[in-house]
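As they're listed, the protein sequences go chains A and B. Residue 208 in our numbering sits at position 188 of the first sequence, and the numbers go up by one each step. Residue 173 in our numbering sits at position 61 of the second sequence, and the numbers go up by one each step.
Since the hints were made in silico from the structure, they are not lab data. These numbers were taken from a predicted model, which means no experiment stands behind them. All C-beta atoms in this analysis are idealised placements derived from N, C-alpha and C, irrespective of residue type, glycine included. Hints may be right or wrong, so weigh each one.
Derived DSS-like pairs: lysine-lysine, alpha-carbon spacing no greater than 25 Å straight-line [stated by the list, open to error]:
#1 Lys172/B <-> Lys117/B
#2 Lys172/B <-> Lys273/A
#3 Lys47/A <-> Lys172/B
Listed below are several chain A residues computed to face chain B (Cβ distance under 8 Å; list not exhaustive) [claimed, not checked]:
#4 Leu96
#5 Leu97
#6 Ser171
#7 Arg251
#8 Phe286
#9 Tyr302
#10 Trp303
#11 Leu304
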Amino acid sequence: VLAVHSVYFTDCPMPTVRVIRPGDAGKPDPFTICVISNPALESPWKSSQFQADPITNDEAGFDLCVRFVEQALFGLLPEQAEPFLSDPGIAPGVRLVSLFVSGLEAGDVNSLVAEDGVSDLLIARRARFRPFLERYGLIADVAYAISQSDSHTRPSAWPATDDDSGPGAAFTMDGATFHHRHRCIVPGTVAQHIASVPLTALHEFGHALSSYSNGLIVDLYEDGPPAVNNRHGRPIPERFAVYDGIALASDRKRDGLGYPTGWRSFHCELNDPSFPALMDNYWLAHDGIPEHCQHDVVTRRFLLDRVRAKLAR
Amino acid sequence: MEPLKPETRARILDENPQAAPEDIDEYERLLAERFATDPELPPSPEAERRESRLAELYRKLFPQGHGWLSHASPRAR
């Protein structure tokens with residue numbers, strides 16, 4: 021923790037804002053990641069029925085979870101192979117803020133997480149994040165809401181909705197031009213359980229930092245749709261894609277896991293071919309240590325380029 | 113979406129003889145598809161079919177509910 025700063029508001033009971041990493045203090049809106057204690061759960065999702073989230077009574081547990089999120093994003097977990105935001109050209113510019121708040125009414129405007137009605141997924145109520153954070157003077161590029169749901173424990177994430185009317189850094193993917201936008205309309209959002217394995221915060225960040233209009237990062241453990249990190253075709257070609265003028269090879273073996281019969285998907289070359297990609301099923305790491313998994317080549321480049329573009333705004 | 117642990121997948125099949133591996137594959141694929149679709153777009157017939165099918169598969173895979181599942185315990189792995 022580089023700095024701790026608490027702010028108390030009179031209109032909301034007991035909020036605590038902690039600046040875990042200050043980021044580029046010279047900028048009015050540095051690239052910012054927020055981690056929030058979810059005040060209220062919608063259960064089930066889209067029901068408009070709300071209840072207080074038990075995490076509102078566990079500030080110490082929330083603070084520990086924030087620490088794990090920070091460690092995962094900055095490559096600081098024990099055994100972690102993926103360095104991600106630890107790049108010395110990136111880390112000092114990233115602002116990380118936590119917000120713990122309790123005592124709010126369990127209603128629509130205070131509910132950032134829903135319990136899915138057809139799974140054990142926690143689902144971020146993405147449209148609520150921005151107005152909620154604005155009440156505390158915060159703007160996020162990516163935001164986590166941490167829940168202590170009794171029944172739903174599986175994290176999930178939504179990519180961001182970019183502000184495509186604003187500036188950004190152009191890039192090409194297989195000849196088509198896209199932009200790493202400086203700002204978003206809806207931030208990337210993650211719903212995570214307080215007891216989730218810390219590495220999952222890094223996996224979900226991969227989704228949440230990506231964009232519906234400028235490139236999705238999808239799960240690689242399913243035969244998913246075409247995306248920045250997923251292509252369709254058989255036989256699998258040697259070349260995965262050309263990203264910003266750089267030809268990237270395909271992962272023709274899927275890191276030793278193999279592509280199931282009938283799949284159309286294939287993935288990009290790996291930074292460490294002996295372990296599954298971080299967006300793939302990291303529970304299947306051959307040594308049983310998911311923290312040994314790293315992003316594949318295109319995923320890491322795309323995500324870090326996106327961070328650099330936002331740092332430069 | 114956090115990947116399904118192999119032991120969780122095995123337990124779903126052990127506890128529900130009516131469930132097949134293909135059911136879990138389809139269920140997981142449909143769940144993942146949700147997040148790859150911009151939720152700000154108007155609901156499409158395809159999305160409605162997906163949610164309907166997810167509900168069917170949920171009842172098949174978890175006839176007693178999913179209370180025994182835990183994705184949240186491995187911090188002390």
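Now for the hints, and whether the structure bears them out:
1. As the CA atoms of Lys172/B and Lys117/B are separated by approximately 19 Å, the hinted pair is consistent with the 25 Å bound.
2. A hinted pair counts as satisfied when its Cα atoms are at most 25 Å apart, and Lys172/B with Lys273/A does not qualify at roughly 33 Å.
3. As the CA atoms of Lys47/A and Lys172/B are separated by approximately 53 Å, the hinted pair breaks the 25 Å bound.
4. A least Cβ separation of about 15 Å between Leu96/A and chain B goes past the 8 Å threshold, and the interface hint is therefore violated.
5. Below 8 Å, beta-carbon pairs count as interface contacts, and Leu97/A has none with chain B, the closest being about 11 Å; its hint is therefore violated.
6. This hint holds: Ser171/A has a C-beta 6 Å from the nearest C-beta of chain B, less than the 8 Å allowed.
7. Nearest Cβ of chain B to the Cβ of Arg251/A: about 14 Å, over the 8 Å cut. The hint is violated.
8. Of the supplied interface hints, the one on Phe286/A is violated, with its beta-carbon coming no nearer than about 16 Å to a beta-carbon of chain B, more than 8 Å.
9. Against a cut-off of 8 Å between C-beta atoms, the interface hint on Tyr302/A holds, since the closest Cβ of chain B lies about 7 Å away.
10. Interface restraint check: Trp303/A against chain B, minimum CB-CB distance 5 Å, threshold 8 Å, status holds.
11. Hint on Leu304/A holds. Least Cβ distance to chain B is approximately 7 Å, under the 8 Å limit.
Taken one by one, the earlier hints fail for this structure at numbers 2, 3, 4, 5, 7, 8, listed in ascending order.
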